[in-house]
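Quick mapping for you: the protein sequence lines, in order, are chains A and B.
Residue numbers 1 to 399, in the working numbering, belong to the letters of the first sequence in order.
Residue numbers 1001 to 1351, in the working numbering, belong to the letters of the second sequence in order.
Since the hints were made in silico from the structure, they are not lab data.
There may be inaccurate statements among the hints.
Unchecked claim - Listed below are several chain B residues computed to face chain A (Cβ distance under 10 Å; list not exhaustive):
id : residue
1  : V1047
2  : V1216
3  : I1225
4  : F1228
5  : Q1229
6  : V1231
7  : H1234
8  : G1290
9  : A1298
10 : C1311
11 : H1318
Beta carbons are placed, not taken as given, at the ideal position from N, Cα and C, and that holds for glycine.
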Amino acid sequence: MRLAFSKDDEAFRESIASWLAENLSGKFEKIRFRGGPGDEHMYFDERRDWEYRLADGGWTGVGWPKEHGGRGLSIEQQVIYHEEYARAGGPGRVGHIGEGLTGPMLIAFGSAEQQQRFLPQILAGKELWCQGYSEPGAGSDLANVRTKAVFDRDSDRWLITGQKIWTSLAQESDWCFVIARTDPNSRGSRGLGFFLVPMDQPGVDIRPIRQLTGTSEFNEVFFDAAACDADCIVGEPGDGWKVAMGLLGFERGVSTLGQQMLFQNEFNEIVAIAEENGAASDPTIRQRIADAHIGLRIMRYNSMRTLSGDVGDGSLEKSAMIYKLYWSTWHRNLGNLAMDVLGPEAEIAETAPYDLTRLQSLFLFTRADTIYGGTNQIQRNIIAERALGLPREPRPATD
Amino acid sequence: MDFTFTTDELELRDGAREYLRGRCTPETLRGLVESGTADLAGWPELVEMGFAGFLVPDSAGGLGMSDTAFVLLAEEAGYVAMPEPLVDVAGIAAPLLAALDSDAAAQIAAGAIRVLTSHPLNPYVNQLGTGDQVLRFSDDKVELIAAADIETTTVDSIDPLRQLAHIETAETAILAEGVEAGTLAARAALRGALFTAGELLGLTAAMIDMSRAYAVERKQFGVAIGTFQAVKHHLATAFTRLEFARPVVYRAAATLDGDERRARLAVAHAKIAAADAATGAAEAAIQVHGGIGYTFEADLHLFMKRVWALCGLWGDRHHHMRFVDSEILHGHLQTGPATTFAANGLASGQH
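Turn these sequences into a full structure, and let the hints steer you where they fit.
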């Protein structure tokens, strides 16, 4: 065990920190600390420009292998990159789905042609991606996908028909990766395909969902015989579930460390308010602040351990499994703490109509943390069944 | 010892329930949110139902009901997330003005005026309409502010159905000063916290009912999601908290007219128990609803945001907890068999 960064790593820290200080200024000043979860609808155009700026500086795809155009950074340097990005107030990335999910998925499962077609565009910040997994009837039961993909021999294209939900950045995206049923007689996780579907076409209709925050980050996306070329399926028909699950694994990568730096920023803001308004003199608030700090450190150590690599006993996979449950619960409690620190002022919105303060948005958005990307209940089932080997819960409709 | 309600009280509650659930539906509430108003313009109806004069004596044209019965009414108002300021006008201002022999109590009961409140614990006035008066409490005086004299700035609440205003300047008539004013302000805070606890019980019950209905209707893995223990247990826990909070609130209501410290302690406990039940139920309800519970279109958020707002009103959790812990640690509060129904919970010889 060696819990320190090398001299090279520290030199790297200096280079990314100074690049950010130099570039995240001027017209980008106003998007510092903006556009993260709960705030993704804000300053899109500026954040799009910022994506180009990052690409020009070679700061996209830093963890991708060099042969695919990435920077091929070591785990340590990726950690440093995400830490410094969050510390500088780097805005929520409009390209994060392409960089964090589509790219690694194509590198793992895509054909050489697909990699050549899509990866450079993601790295350049030119093509943005969104995710088409959940459906109204397929939430926790994700395998219950009803969206259909039919191959049309006349046009030599796949035609996608169905409805997806909770798709963030759908209006802004050029492409959507979609799981759809290729075998109409199949059920559950069999008979699915994984498609790369262009969003700018008549068969795609996007309707924003108004959230309880009053804003709309998520959308419903309706596909009505939306077309994608024959070579826009990843793997074979029937491989969809394997690719979809493989992709979810990428969500637990190095970016969790950046997420924790955002948490640290929120935590710091809450502590500052507690000190200013006197809430910090309340013993129960003090203890909850200490608890929140401890939870943040625990997450950090767990992530570092996960990223350090497997020692061959399967413990790595288990430590990744527990992460979503832990951070979502911790973050929801942080939202509660923020409101309790504000006291009666927690009720007062910033300005009419319904413009919430950052901490109010935090409180509300953290209600969703324990739901999206696998609810806490589903996470516990996964931990119990896969990490502990308990019998599977009866699932009548699927195999 | 009798923890039950009288037939009269229960009949009044049932009448209120039927009326409110018919009149103040989630569709009505959503309509108000969309139109940007929180005023159902239904106050005359509430007056006609006897709600405005619920705590005003018969002799002044009211129903002369008890604080305990008003808790039941507040629960029903909470269950439908009623936007009107029932607790302010009928629960706090009316009985206080009646106790001061002010004509205003009879006017409230008759629907001629509405009197809202502003208090150091609760400085913003909710639902201040044209023609409304405000009873303003401060540490050393209680003032009645006439409608025409009020200048306000509006403040936005996170609850789209609460419309808040801050009173900037006003000509006032002083009702009480000095020690008497302090006593009245404390009394208003007790009633405010107690009846808000009642509203929170109602909101909690509503969120549990909505979530139960959703857990039965929503299917995943081919069955209703309520089939799964993980979902069942959320609702069972929320329901248990609610039912354990109810007697705490009822007991506080029955204690209100007795010894002041004992009442203060009981009300502190009631507000904490009801707020904990409500925040726990709000969290469980969103979790059971899943993504749909996070949308503006679903009814749930209106209830959850009301809970959020009410938890901070008339003293938040920490405010009341501080009183409870100081009574235990420094106030010589005795517990045990001989003190269960003691006049003030203090052991003999320590009065």
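Hint check:
Given hint, V1047/B at the interface with chain A, is violated; its Cβ is 28 Å from that chain's nearest Cβ, farther than 10 Å. Proximity of V1216/B to chain A is violated relative to the hint, the smallest CB-CB distance being about 16 Å (cut-off 10 Å). Residue-level restraint check for I1225/B holds (minimum Cβ-Cβ distance to chain A is 8 Å; threshold 10 Å). The interface hint given for F1228/B is met, as the beta carbon of that residue sits about 7 Å from the closest beta carbon of chain A, less than 10 Å.
At its closest, the beta carbon of Q1229/B sits 8 Å from a beta carbon of chain A; the interface hint therefore holds under the 10 Å criterion. For V1231/B, the suggested interface contact is upheld, since its CB lies about 7 Å from the closest CB of chain A, less than 10 Å. The beta carbon of H1234/B is positioned within 10 Å of a beta carbon in chain A (closest approach about 8 Å), and the interface hint is therefore held. For G1290/B, the interface hint holds, the least distance from its beta-carbon to any beta-carbon of chain A being 5 Å, beneath 10 Å.
Against a cut-off of 10 Å between C-beta atoms, the interface hint on A1298/B holds, since the closest Cβ of chain A lies about 8 Å away. A least Cβ separation of about 8 Å between C1311/B and chain A falls short of the 10 Å threshold, and the interface hint therefore holds. Checking H1318/B against chain A: minimum C-beta separation of about 5 Å stays under 10 Å; hint holds.
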